[in-house]
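Please build the complete structure, drawing on both the sequences and the hints.
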Amino acid sequence: MATTNLSDYKPLNISNADEYSIGIVVSEWNDFVTYNLRNGAIETLKAEGIKEENIHIYYVPGAFELSFATMKLCRSNKFAAVIAIGNVIRGETPHFDYVCSGVTQGIKDCNILTDTPAIFCVLTDDTKEQSIARSGGSLGNKGVEAAVTALKMIDFNNKTTKL
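Heads up: the sequence shown begins at 3 in the working numbering, then just goes up one per residue.
A portion of the hints provided could be inaccurate.
Listed below are the simulated DSSO-like cross-link pairs for lysine-lysine, each with C-alpha atoms no more than 30 Å apart in a straight line [stated by the list, open to error]:
no., residue 1, residue 2
1, K48, K110
2, K161, K53
3, K110, K53
4, K48, K130
5, K110, K130
6, K154, K74
7, K80, K130
8, K12, K80
9, K12, K164
10, K161, K74
11, K80, K164
12, K12, K154
13, K80, K154
14, K161, K130
15, K164, K130
16, K80, K161
17, K53, K74
18, K48, K164
19, K154, K164
20, K48, K154
21, K48, K12
22, K53, K80
23, K110, K164
24, K53, K164
25, K12, K161
26, K74, K164
Each pair of labels, with its calculated beta carbon distance range [claimed, not checked]:
no., residue 1, residue 2, range
27, N41, K130, 25 to 35 Å
28, D128, Y11, 34 to 44 Å
29, K110, S23, 39 to 49 Å
30, R77, T162, 31 to 41 Å
31, T162, P13, 22 to 32 Å
32, K48, S103, 17 to 27 Å
33, T162, F70, 41 to 51 Å
34, D117, F70, 12 to 22 Å
35, T162, D20, 20 to 30 Å
36, T129, K164, 42 to 52 Å
37, D20, Y61, 17 to 27 Å
38, K154, F34, 25 to 35 Å
39, N18, P96, 25 to 35 Å
40, N159, Y61, 33 to 43 Å
Simulated from the structure, these hints should not be mistaken for laboratory data. Computed from a predicted structure; not experimentally measured. Here a beta-carbon is modelled for each residue, glycine too, at the ideal position from N, C-alpha and C.
In C-alpha cells:
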C-alpha cells in the first residue's frame with residue numbers, strides 16, 4: 003500500500019498538447035471520489051497545454067459501465083487518449099471482486115482492440131478512507147497520475163505509429 007504522495011511529477015512540456023483531444027469517462031458511483039479524480043485530471047491536462055474545449059467529459063452510472071463507454075470513445079478515433087475514472091470500495095460480498103475484475107478486463111480490452119490509449123484510473127480500495135486519501139487526500143490524486151499517463155501514452159503512440 004502506498005504511503006506517500008505519488009502524484010508529484012515534473013512538467014512534461016509537450017510542444018503540441020493544444021492539438022490533442024482527450025476523452026474522460028467518469029463513474030457517478032462514489033462521486034465524492036470520482037469527481038475529485040476528474041478534477042485532478044482536468045487541471046493537469048490544462049496545465050500541460052490541453053485546451054479546455056478539447057477535454058470531453060462523459061458520465062456513466064457506475065464503474066462497470068466504464069468499459070462500454072471507454073471502448074466507444076476509443077473506437078470513435080476522435081480522441082488521442084481516453085481516461086476511465088471510477089471507484090469501487092470493498093463491501094461484504096464478492097460483488098467488489100466481480101466489478102473490479104470486469105472493469106479491469108474491459109479497459110485492458112480497449113488497449114488491445116483499439117489504437118487509442120485507454121488509461122485506467124479506477125480506485126479499488128478496501129475503505130472509503132483509502133479512496134479519499136488517493137483522490138486528493140494525503141496520498142495525492144490518482145486523477146493527476148492518469149492525466150500524465152495519458153499524455154505519455156499519446157507521445158508513445160505518436161512515436162511508434164509507423165512501426
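Taking the hints in turn, this is what the structure says about them:
Our distance criterion of 30 Å between C-alpha atoms is met by K48 and K110, whose separation comes to about 26 Å. Of the supplied pair hints, the one linking K161 and K53 holds, its CA atoms being roughly 22 Å apart against a limit of 30 Å. The suggested pairing of K110 with K53 holds, with an alpha-carbon distance near 27 Å, which does not exceed 30 Å. Between K48 and K130 the alpha-carbon distance is near 28 Å, which keeps this suggested pair within the 30 Å criterion.
For the proposed pair K110 and K130, the alpha carbon gap of about 25 Å is at most 30 Å, so the pair holds. Between K154 and K74, the direct Cα distance comes to roughly 22 Å. Compliance with the 30 Å bound is thereby established for this hinted pair. At most 30 Å may separate the alpha-carbon atoms for a hinted pair to count; K80 and K130 exceed this at roughly 35 Å. For the given pair, K12 sits about 28 Å from K80 by alpha-carbon distance, which is consistent with the 30 Å threshold.
The hinted pair formed by K12 and K164 meets the criterion: a straight-line CA distance of about 28 Å does not exceed 30 Å. As the CA atoms of K161 and K74 are separated by approximately 24 Å, the hinted pair is consistent with the 30 Å bound. With a C-alpha separation of about 19 Å, the suggested pairing of K80 with K164 holds against the 30 Å cut-off. About 12 Å separates the Cα atoms of K12 and K154, which keeps this hinted pair within 30 Å; it holds.
Between K80 and K154 the alpha-carbon distance is near 18 Å, which keeps this suggested pair within the 30 Å criterion. A distance of roughly 40 Å separates the Cα atoms of K161 and K130; the hinted pair therefore is violated under the 30 Å criterion. Between the alpha carbons of K164 and K130 the distance comes to roughly 44 Å, so the proposed pair goes past 30 Å and is violated. Note on K80 and K161: the hinted pairing holds, with a Cα-Cα distance of about 18 Å set against a maximum of 30 Å.
Using a Cα cut-off of 30 Å, the hinted pair K53 and K74 holds, with the two alpha carbons roughly 22 Å apart. For the hint linking K48 to K164, the alpha-carbon distance of about 28 Å falls within 30 Å, and the restraint holds. Straight-line distance between C-alpha atoms of K154 and K164 comes to about 17 Å, which keeps the hinted pair within the 30 Å bound. For the hint pairing K48 with K154, the CA-to-CA distance comes to about 15 Å; that is within 30 Å, so the pair holds.
Restraint check for K48 and K12: satisfied, since their Cα atoms lie roughly 15 Å apart, inside the 30 Å limit. Note on K53 and K80: the hinted pairing holds, with a Cα-Cα distance of about 15 Å set against a maximum of 30 Å. Taking the CA atoms of K110 and K164, the gap is about 23 Å. The hint holds against a cut of 30 Å. Between K53 and K164 the CA atoms are separated by roughly 27 Å; this keeps the pair inside 30 Å, and the hint holds.
The straight-line distance between the Cα atoms of K12 and K161 is roughly 21 Å, inside the 30 Å bound, and the hint therefore holds. Distance restraint check for K74 and K164: the Cα-Cα separation of roughly 24 Å lies within the 30 Å cut-off, and the hinted pair is therefore satisfied. N41 and K130 have their C-beta atoms about 18 Å apart, which leaves the hinted 25 to 35 Å range violated. A hinted range of 34 to 44 Å is violated for the C-beta pair D128 and Y11, which are about 26 Å apart.
Taking the beta carbon of each, K110 and S23 are about 23 Å apart, not inside 39 to 49 Å as hinted. For R77 and T162, the Cβ-Cβ distance of about 20 Å falls outside the hinted range of 31 to 41 Å, so the restraint is violated. Checked against the hint of 22 to 32 Å, the C-beta distance between T162 and P13 comes to roughly 23 Å, which is consistent with it. The hinted range of 17 to 27 Å is not satisfied by K48 and S103, whose Cβ atoms lie roughly 33 Å apart.
Checked against the hint of 41 to 51 Å, the C-beta distance between T162 and F70 comes to roughly 27 Å, which is inconsistent with it. The hint said 12 to 22 Å for the Cβ distance between D117 and F70, and at roughly 19 Å that hint holds. Checked against the hint of 20 to 30 Å, the pair T162 and D20 passes, with Cβ atoms roughly 22 Å apart. For T129 and K164, the Cβ-Cβ distance of about 46 Å falls inside the hinted range of 42 to 52 Å, so the restraint holds.
Distance hint check for D20 and Y61: the Cβ-Cβ separation is about 25 Å, which falls inside the suggested range of 17 to 27 Å. Taking the beta carbon of each, K154 and F34 are about 28 Å apart, inside 25 to 35 Å as hinted. Restraint check, N18 to P96: a C-beta distance of roughly 46 Å breaks the suggested window 25 to 35 Å. For the pair N159 and Y61, the beta carbons lie near 26 Å from each other, so the given range of 33 to 43 Å is not met.
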